[in-house]
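**Student:** This is what each chain is made of:
Protein chains: 2
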Amino acid sequence: MNKSKEILLAHGGGGTLMHDLIKNVIASRLSNPVLDRLDDSALLDTGGRLAFTTDSYVVRPLFFKGGDIGKLAVCGTVNDLAMQGAKPLAISLSFIIEEGFPLDDLKKIVKSVGSAVKAADVFVATGDLKVVERDGADKLFVNTSGIGSVRKDVNVSSHYAKVGDAVIINGYIADHGVSILCEREGLEFESPVKSDCAPLAGLTQAILSTTKRIHCMKDPTRGGLAAALNEIASSSRVSIEIEESAIPVRRATLAACEMLGLDPLVVANEGKVVVVCSETVASTVIRTMRKHKYGKASKIIGRIVNKGKPEVILGTTIGGSRIVDMPYGELLPRIC
Amino acid sequence: MNKSKEILLAHGGGGTLMHDLIKNVIASRLSNPVLDRLDDSALLDTGGRLAFTTDSYVVRPLFFKGGDIGKLAVCGTVNDLAMQGAKPLAISLSFIIEEGFPLDDLKKIVKSVGSAVKAADVFVATGDLKVVERDGADKLFVNTSGIGSVRKDVNVSSHYAKVGDAVIINGYIADHGVSILCEREGLEFESPVKSDCAPLAGLTQAILSTTKRIHCMKDPTRGGLAAALNEIASSSRVSIEIEESAIPVRRATLAACEMLGLDPLVVANEGKVVVVCSETVASTVIRTMRKHKYGKASKIIGRIVNKGKPEVILGTTIGGSRIVDMPYGELLPRIC
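Here the protein sequences line up with chains D and P, keeping their order.
For the first sequence, the numbering used here assigns the number 1 to the initial residue and increments by one for each residue that follows.
For the second sequence, the numbering used here assigns the number 1 to the initial residue and increments by one for each residue that follows.
There could be a bad hint or two in this list.
The list makes no distinction among identical chains, and a pair is therefore deemed to hold if it is satisfied within one copy or across any two copies.
[As the list claims (entries may be wrong)] As a list, the in silico DSSO-like pairs of lysine-lysine whose alpha-carbon atoms are at most 27 Å apart:
no.	residue 1	residue 2
1	Lys-87	Lys-152
2	Lys-307	Lys-293
3	Lys-23	Lys-108
4	Lys-293	Lys-212
5	Lys-162	Lys-212
6	Lys-299	Lys-107
7	Lys-65	Lys-5
8	Lys-5	Lys-111
9	Lys-299	Lys-23
10	Lys-3	Lys-152
11	Lys-65	Lys-152
12	Lys-139	Lys-3
13	Lys-162	Lys-139
14	Lys-23	Lys-194
15	Lys-139	Lys-152
16	Lys-299	Lys-108
17	Lys-23	Lys-139
18	Lys-162	Lys-87
19	Lys-107	Lys-296
20	Lys-107	Lys-3
21	Lys-309	Lys-291
22	Lys-118	Lys-139
23	Lys-212	Lys-3
24	Lys-23	Lys-296
In short, the hints are calculated from the structure, not lab data.
The task is simple: from the sequences and hints, build the whole structure.
**Tutor:** See the structure below:
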């Protein structure tokens, strides 16, 4: 663990530094069997099985191509529930607002929350609002927590990847991070990159209805595909081999990444899911996914290859291979 | 509604201005039968009955006499569940942290969360952490959301107060707000005022086990007892008469209020509950409450007197009476 006595921006980046902080400073002091799994949602038995998740959103700018902080907050939390195999039931909505924030912008954000909950087939059940003085916060932060129901026969977790499993993604990666960064840097491309921000519970529910052989689902948000795959590798103690040529990246996104010096594998997504399933059902799963609005570009991108040594290996387009590390710290602050 | 085109500090104060903002700007755009009740927790039917609540905490300073932001975040959310008659099951914990925040202070806060969840007989099921750049936030904010189970035969809500009901409080008011303000202003009194911050679910569960004739429970947080009673009056469309001489206020708290020019009725509490119950069971309820750690100074402070005209009337110590208005805006920013 990093020896800094202060919180660094890098602690929020979705990489090793954040995972160590959460594990060693927070979860260790609050340890219990539910929290200790550190999955995207907690899984509780309350009569039925209930998924429970929370996320705070500090994205900057608040409005970007393909979404805004309101849509992002709904989709992010719905997706954390979806990754647990849950059908989202309800979300909460809590604002921290800087004094002087334009009321019209708040209205726009709430309207966007409204459209997003409709699209995600969920509703806002409860909320809260705090105002802090000027300079006490940067404009507006949102927290959404969510609960969802999980069918008895659904058991997906980053811990359940098995050797031989196929690794699937539902489409083009890195669009969210690139769109935010372009917005922030005032970069304009001929075909502007839009955030992929989308609610995935419909897609994940469709996948789970197809077969019982889905082992993990994980959304590659902060830290990108690299972090998501490393988390699966580490939780399941397996090696994952992926093929660079198989990973869908839009031409404009790739161009932007090259210009900005970014590896698309570590750039955040907000409408992507990595599905790990038995090899035998992979083509059926792909068929199901491609029928769905948010799965049209679904592809197998790799396999689980070995037990014991958690690592992610990328077969490159030029025929070599390299280890894809867990990102260390902060690549793009305030991406979500 | 105030015509300002900007969010004011006063919008966060727990008064009329906040209620109007939440109702007209937020809830109106997200309307559904669960949210529209605007109770302390949402009540959901998910097989069993589930309470769901959220709160963000922006209190300043982070550490104060009687607690800190960690303890406050746990108690506040546990109490919102308790007010719905729920037994808290699990909470979530999400941090927004300013770059440069001392790691040792984070550890202290997490430790305090740990003690508080133990005291409240609940656990942290899931969490999140975001870091923003220096000056992007004032030190550290916390969001806790919570879920709890509600027995089938429990039906409490601010909407259910009935004419003739007794109004009870579980002890001394205004300690939380006064302690925060003293801390902030560097005021020292001979007997320093400590925040009353405490988890009330044990007490409320004990109350509900005593009788089925509990109609409302409400925690007088932002906006104090004045706001809580006005909310009950308005939701139930009743008048409430309270006796100034019956309301427990510590001498030191009263002295501080007089010095600071504050009305104890509008100062925030974090370990208080207003219980509205049938007059016939009031003495039994008081007996149950006084047996509990957080109910030793429980007292009847008033009655529900009339149907139709929502107002709160205070019988003063000098024999007169006055209307206690819903506070308008911000009395003490960042009190919770």
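**Student:** Determine for every hint whether it applies to the structure shown.
**Tutor:** Consistency of the hints with the structure:
1. Lys-87 with Lys-152: both (12 Å within a copy, 24 Å between copies)
2. Lys-307 with Lys-293: neither (34 Å within a copy, 53 Å between copies)
3. Lys-23 with Lys-108: Close across copies (15 Å), not inside one copy (37 Å); limit 27 Å.
4. Lys-293 with Lys-212: within (22 Å within a copy, 50 Å between copies)
5. Lys-162 with Lys-212: within (14 Å within a copy, 53 Å between copies)
6. Lys-299 with Lys-107: neither (38 Å within a copy, 43 Å between copies)
7. Lys-65 with Lys-5: Answer is between; shortest inter-copy Cα gap is 25 Å, intra-copy 37 Å.
8. Lys-5 with Lys-111: The answer is between: 17 Å across copies meets 27 Å, while 41 Å in one copy does not.
9. Lys-299 with Lys-23: neither (33 Å within a copy, 45 Å between copies)
10. Lys-3 with Lys-152: neither (43 Å within a copy, 51 Å between copies)
11. Lys-65 with Lys-152: Neither: 39 Å inside a chain and 46 Å across chains, both beyond 27 Å.
12. Lys-139 with Lys-3: Classified as between: cross-chain Cα gap 20 Å, same-chain 31 Å, threshold 27 Å.
13. Lys-162 with Lys-139: Answer is neither: 45 Å inside a copy and 43 Å across each miss the 27 Å cutoff.
14. Lys-23 with Lys-194: neither (33 Å within a copy, 33 Å between copies)
15. Lys-139 with Lys-152: Intra 42 Å, inter 42 Å, cutoff 27 Å: neither.
16. Lys-299 with Lys-108: neither (35 Å within a copy, 46 Å between copies)
17. Lys-23 with Lys-139: Intra 30 Å, inter 21 Å, cutoff 27 Å: inter-copy only.
18. Lys-162 with Lys-87: within (25 Å within a copy, 39 Å between copies)
19. Lys-107 with Lys-296: neither (33 Å within a copy, 45 Å between copies)
20. Lys-107 with Lys-3: Classified as between: cross-chain Cα gap 14 Å, same-chain 43 Å, threshold 27 Å.
21. Lys-309 with Lys-291: neither (35 Å within a copy, 57 Å between copies)
22. Lys-118 with Lys-139: within (26 Å within a copy, 35 Å between copies)
23. Lys-212 with Lys-3: Result: close neither inside a copy nor across copies, 44 Å intra and 56 Å inter.
24. Lys-23 with Lys-296: For Lys-23 and Lys-296, the Cα distance exceeds 27 Å both inside one copy (36 Å) and across copies (40 Å).
Taken one by one, the earlier hints fail for this structure at numbers 2, 6, 9, 10, 11, 13, 14, 15, 16, 19, 21, 23, 24, listed in ascending order.
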